[in-house]
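Those sequence lines, one after another, are chains A and B.
Taken in order, the first sequence gives residues 13 to 168; the numbers are from my numbering.
Taken in order, the second sequence gives residues 485 to 593; the numbers are from my numbering.
These are calculated hints, taken from the structure and not from any lab test.
Keep in mind that the hints are not guaranteed to be accurate.
Stated by the list, open to error - Simulated pairs of lysine to any residue, SDA-like, Cα-Cα distance not exceeding 20 Å:
{"id": "1", "chain 1": "B", "residue 1": "K537", "chain 2": "B", "residue 2": "E515"}
{"id": "2", "chain 1": "B", "residue 1": "K512", "chain 2": "A", "residue 2": "K40"}
{"id": "3", "chain 1": "A", "residue 1": "K40", "chain 2": "A", "residue 2": "R50"}
{"id": "4", "chain 1": "A", "residue 1": "K40", "chain 2": "A", "residue 2": "S104"}
{"id": "5", "chain 1": "A", "residue 1": "K40", "chain 2": "B", "residue 2": "P501"}
{"id": "6", "chain 1": "B", "residue 1": "K589", "chain 2": "A", "residue 2": "A34"}
{"id": "7", "chain 1": "B", "residue 1": "K589", "chain 2": "A", "residue 2": "P32"}
{"id": "8", "chain 1": "A", "residue 1": "K55", "chain 2": "B", "residue 2": "E515"}
{"id": "9", "chain 1": "B", "residue 1": "K512", "chain 2": "B", "residue 2": "P501"}
{"id": "10", "chain 1": "A", "residue 1": "K40", "chain 2": "A", "residue 2": "G136"}
{"id": "11", "chain 1": "A", "residue 1": "K55", "chain 2": "B", "residue 2": "E550"}
{"id": "12", "chain 1": "A", "residue 1": "K40", "chain 2": "A", "residue 2": "E92"}
{"id": "13", "chain 1": "B", "residue 1": "K589", "chain 2": "A", "residue 2": "R89"}
{"id": "14", "chain 1": "B", "residue 1": "K540", "chain 2": "A", "residue 2": "K55"}
{"id": "15", "chain 1": "A", "residue 1": "K55", "chain 2": "B", "residue 2": "E590"}
{"id": "16", "chain 1": "B", "residue 1": "K514", "chain 2": "B", "residue 2": "A493"}
{"id": "17", "chain 1": "B", "residue 1": "K537", "chain 2": "A", "residue 2": "G127"}
{"id": "18", "chain 1": "A", "residue 1": "K40", "chain 2": "B", "residue 2": "Y573"}
{"id": "19", "chain 1": "B", "residue 1": "K589", "chain 2": "A", "residue 2": "G53"}
{"id": "20", "chain 1": "A", "residue 1": "K55", "chain 2": "B", "residue 2": "R580"}
{"id": "21", "chain 1": "B", "residue 1": "K589", "chain 2": "B", "residue 2": "Y573"}
All figures in this text were calculated on a predicted structure; none of them were measured in a lab.
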Amino acid sequence: MTGAAPPLPTQEIVVEEIFPHAPETIWKTLTTGELVGRWLGMKPSGFEAVKGTRFTFQTTPAHAWDGIIHCEVLEVRRNERLSYSWQGGHESNAQQYGSLLNTIVTWTLTQVEDGTRLRLVHSGFVTPRNDSAFRTMSGGWKKVIGRVGAMSGEHQ
Amino acid sequence: MMQTTAVDAVMRTLADPTRRAVFERIVKSKEITVAALTRGSGVTQGAISQHLKSLKQAGLIADRPEGRHVHYRADPKGLAPLVDWMALYAVFWRGRFANLRALLKEIDP
């Protein structure tokens with residue numbers, strides 16, 4: 013008996029688009045450090061599309077977080093699939109920029125008639141229950157405002 | 485990638501309970517004037533005006549002058565810095581796809 017707590021609910025971000033280019037060309041932009049730096053806006057340090065490779069990205073620090081995103085290549089299927097872990101943030105930054113992140117980024121390339129379908133899945137976001145109203149900008153005003161009060165240390 | 489300064493500014497602005505109450509009233513109204521906000525607020529019109537100025541500076545509200553009156557409304561974009569980490573990443577990746585498209589076009593016309 014491990015007595016482990018049930019896993020926290022997680023959510024994922026999915027972005028999918030068709031590009032009028034061959035999978036090989038897209039693969040190159042996803043796996044060449046120099047090119048990744050150009051489209052991602054931050055250049056990976058120590059990146060190689062080889063399983064087990066550890067690499068980092070440096071982004072804007074936030075409070076206790078140094079702004080370093082730690083990654084490890086988890087899966088490489090040339091021209092088809094690339095997956096790496098994406099970890100960073102700090103527990104003191106709750107539910108905002110720089111909050112603790114233990115996620116996985118997976119790229120899937122599928123050849124289609126007019127090019128390549130590129131699918132990004134960024135998975136493993138731990139989100140508090142009943143938080144969807146906050147995420148959609150539509151109904152979340154009151155909740156956001158209430159949370160600001162809580163975050164600024166005010167007690168009502 | 486994303487700025488923390490905007491988050492701090494919004495946090496500071498909304499940390500004041502009176503200002504937050506003013507903001508909530510604006511959010512609930514489609515548009516509202518200073519006079520209407522002052523009525524029943526228990527504070528002076530001058531104080532309300534100061535809060536409106538701060539809210540505007542933080543990007544939380546927008547105004548529309550009409551004759552002698554100024555109408556205020558909430559600007560949903562102003563709260564964007566407070567939307568959680570995950571939503572920020574969704575925006576981030578969509579932007580990266582656009583960059584990727586431009587780069588691919590450049591290297592493989």
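Quiz item: Is the straight-line distance between the alpha-carbon of K55 (chain A) and that of E550 (chain B) 20 Å or less?
Solution: Status violated; Cα separation ~49 Å.
Quiz item: Is K540 (chain B) within 20 Å of K55 (chain A), Cα to Cα?
Solution: Cα-Cα ~36 Å, so violated.
Self-check item: Hint consistency between K40 (chain A) and G136 (chain A) [alpha-carbon to alpha-carbon, up to 20 Å]
Solution: Violated, at about 26 Å.
Quiz item: Does K512 (chain B) pair with P501 (chain B) here, judged by a C-alpha cut-off of 20 Å?
Solution: holds, 16 Å
Self-check item: Agreement of K589 (chain B) and R89 (chain A) with the hint, judged by alpha carbon distance not exceeding 20 Å
Solution: Roughly 24 Å between the alpha carbons, so the hint for K589 (chain B) and R89 (chain A) is violated.
Quiz prompt | Distance restraint between K55 (chain A) and E515 (chain B), which requires alpha-carbon spacing of 20 Å or less | solution = violated, 45 Å
Quiz item: CA of K514 (chain B) to CA of A493 (chain B), is that 20 Å or under?
Solution: With a Cα-Cα distance of about 24 Å, the restraint between K514 (chain B) and A493 (chain B) is violated, given a limit of 20 Å.
Quiz item: Can the restraint linking K40 (chain A) and R50 (chain A) be considered satisfied, given a maximum Cα separation of 20 Å?
Solution: Roughly 12 Å separates the two Cα atoms, so the pair holds.
Exercise. Starting from K55 (chain A), check that the Cα of R580 (chain B) is at most 20 Å away, please.
Key: holds, 13 Å
Self-check item: Agreement of K512 (chain B) and K40 (chain A) with the hint, judged by alpha carbon distance not exceeding 20 Å
Solution: violated, 50 Å
Quiz item: When you check the alpha-carbon spacing of K589 (chain B) and Y573 (chain B), does it fall within 20 Å?
Solution: violated, 24 Å
Quiz item: If you draw a straight line from the CA of K589 (chain B) to the CA of G53 (chain A), is it 20 Å or shorter?
Solution: holds, 17 Å
Violated hints, in rising order: 2, 4, 5, 8, 10, 11, 13, 14, 16, 17, 18 and 21; the structure is consistent with all others.
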